[in-house]
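> Below are the chains, spelled out letter by letter.
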Amino acid sequence: MSNNLISVDNLKKSFGGLKAVDVQELSFKKGELTSIIGPNGAGKTTFFDLISGFQSADSGEVSLKGKNISNTQPYKIARMGMVRTFQLTKVFDRMTVMENLLFSGSNINNDSFLKSILKLNSQKLYESNLKDKANQIMSDLNIGHMADSYARELSGGQKKLLELARSIINEPEILLLDEPLAGVNPKLAEDILSLITKLSDTGITILMVEHNIEAVMKISERIVVLAEGSLIADGVPNEIRTDTNVIEAYLGKADE
Amino acid sequence: MTSAKISFRLIFSLFVTAFSIYLVFLLNPDGAPRILLNLLTFAGIYGLSAIGLNVHFGWTGLLNFGHASFMGVGAYVTLLLMPHAAGREGEVTTTGLPFFAALILGIGAAALFGLLLGLPAIRLRGDYLAIVTIAAAEIFRLLVRDLESITGGVYGIINYTDNFQKYRPLFIDNFSENLGFSPSQAWVCLAAWVSIFITVLLLKRLSDSPWGRALRAVREDEDAVRAMGKNAVWLKLQSFMLGAGIAGLSGVLLAFNYGSLETTVFIPLLTFYVWAIMILGGVGTITGPIFGSIIFWVIISETDRLAYLLFENANGQQLAGVRFLLVGVLIMFLMIFRPSGLLGKKEELLLDVK
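Protein chains in written order, with my numbering: chain A, 1 to 256; chain B, 1001 to 1354.
If you are wondering where the hints come from, they were derived from the structure by calculation, not from laboratory data. It is possible that part of the hints are untrue.
Unchecked claim - Pair by pair, the computed Cβ-Cβ distance ranges are:
| # | chain 1 | residue 1 | chain 2 | residue 2 | range |
| --- | --- | --- | --- | --- | --- |
| 1 | B | R1205 | A | S155 | 34 to 40 Å |
| 2 | B | I1198 | A | N135 | 55 to 61 Å |
| 3 | B | Y1167 | A | K131 | 42 to 48 Å |
| 4 | A | G16 | B | I1198 | 51 to 57 Å |
As the list claims (entries may be wrong) - Derived DSS-like pairs (lysine-lysine); straight-line CA-CA distance at most 25 Å:
| # | chain 1 | residue 1 | chain 2 | residue 2 |
| --- | --- | --- | --- | --- |
| 5 | A | K12 | A | K29 |
| 6 | A | K124 | B | K1204 |
| 7 | A | K115 | A | K133 |
| 8 | A | K90 | B | K1345 |
| 9 | A | K115 | A | K65 |
| 10 | A | K65 | A | K30 |
| 11 | A | K115 | A | K131 |
| 12 | A | K131 | A | K119 |
| 13 | A | K29 | A | K76 |
| 14 | B | K1166 | A | K90 |
| 15 | A | K65 | A | K124 |
| 16 | A | K65 | A | K12 |
| 17 | A | K119 | B | K1346 |
| 18 | A | K115 | B | K1204 |
| 19 | A | K187 | A | K198 |
| 20 | A | K131 | B | K1166 |
| 21 | A | K12 | A | K115 |
| 22 | A | K65 | A | K76 |
Everything numeric in this text was worked out from a predicted model, so none of it was measured. Each residue gets a CB set at the ideal place from its N, CA and C atoms; glycine is no exception.
Construct all of the structure, not just a fragment, from the sequences and the given hints.
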């Protein structure tokens, strides 16, 4: 129990008559790299929304580090160390790449109106440290040359990178990645995958929704399969690959 | 290259503004200084209000169509706290706070009104917020109209200008006499432009700060702000309060520019004028509304004269029609030529509301 960072108990969500998520029991251990797969409409993104607080469940409970977070505001959940990205990349379009990172890295204390109006030295120091950190992350992700461009000038793949950069600047304990490879060219996908692996190696717990099945099989330590909102399989990649339910619901016969 | 672009925008704005002022002299051979003073006073007051609106819309993306009510709260609270006369019988209130104390409370009341209006409304998305704010502003105006025992209702408030005019320095009187100004209006005009100067300094400090950055992030994407662990609602409320406070100050100045105050001042048209000024000047800029406001007021006040010069034989009603036609045409031309406003950057064109 103490080993579980996130646990889900009897989580249910429907939209009208449509059952989006109905998960009896599911938990994720610290440091695991888990992929969530399933056909379109299986409830993967809704599942993310439920555990990150962006939607509230009809019933059931989500706990993070042993605390019930079922009706907690998304920003409070993020402050507890669980940060998510979005299926449709959400960057701050009319702000520069640097500003995107600085905003995300800055803590709420540093954002305060009073500090900003007084322009305290402590704030200046904090900002310059933050800038160094942002520069480091940008150069690691090969977007350093874009620092002063508006985020909306970036290509789709670069936006994905920026969103990732933004998510890791605060050193979260848990990352929820919603389709980090969607619409990304193969070369960049390779880079993003190795970044995810590297992050996982540093001990960050990662949950990833992804349709690129080869990538999923390659880097995941565990795969959870959802179909019509329910859990149909849960195991290491090799088990999933041969699971008849999964093949029928999602992978299709061509895979084996 | 960027700095070259900025200076081009600035020079262009200065040029258009200077040209507008020149037009005042051209169209009014007699009494141009007096007309200009009147125009610059309104431009200062409305410009200040538009600077506040820009904090809401330009910085934070909040579609506030109830700006007149923030101006109104500031004006009414300030005036009612000072010695004044109000109502049908002109009932005199002799006791009250000194001007500056009342002003600070008035600005505070406007900010508080922003908070109170924001608490239920600010979770609404874009256009819904617009509807709620415009309705709230009308409710405020009608309440003030009907609470006659406190606010003077339709009879308004009078005899309050001395509270402020008694601080008028002597040089204004001397100066005004030479130019044929009304000294009391010259004093309000000076106060308006000093207020603009202070507000601009304040906002310049805030715009590049982490706080200003957070507001812009809210404008761009609220969900992403939440996902980064920031309380978007609280940021929006702070923005609402700051902009409302600035509007409150401009409302007080507006009241002192008029010798009496009644509720019809705060009709939705006031809000729309302020919006037009902000858009003309450049959404998301700090000083843009200042230029926008001067140009707007030149257009508003001088089209009258222009219409008269163009159609000498027309009657009053026809002239009024031609005048608003000219207003529309001129503003359209400016927007076609500079769609992001005089000072606005094309890359940051902020009019595409989600």
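> What are the numbers of the hints that this structure violates, sorted from low to high?
2, 9, 14, 15, 17, 20 and 21
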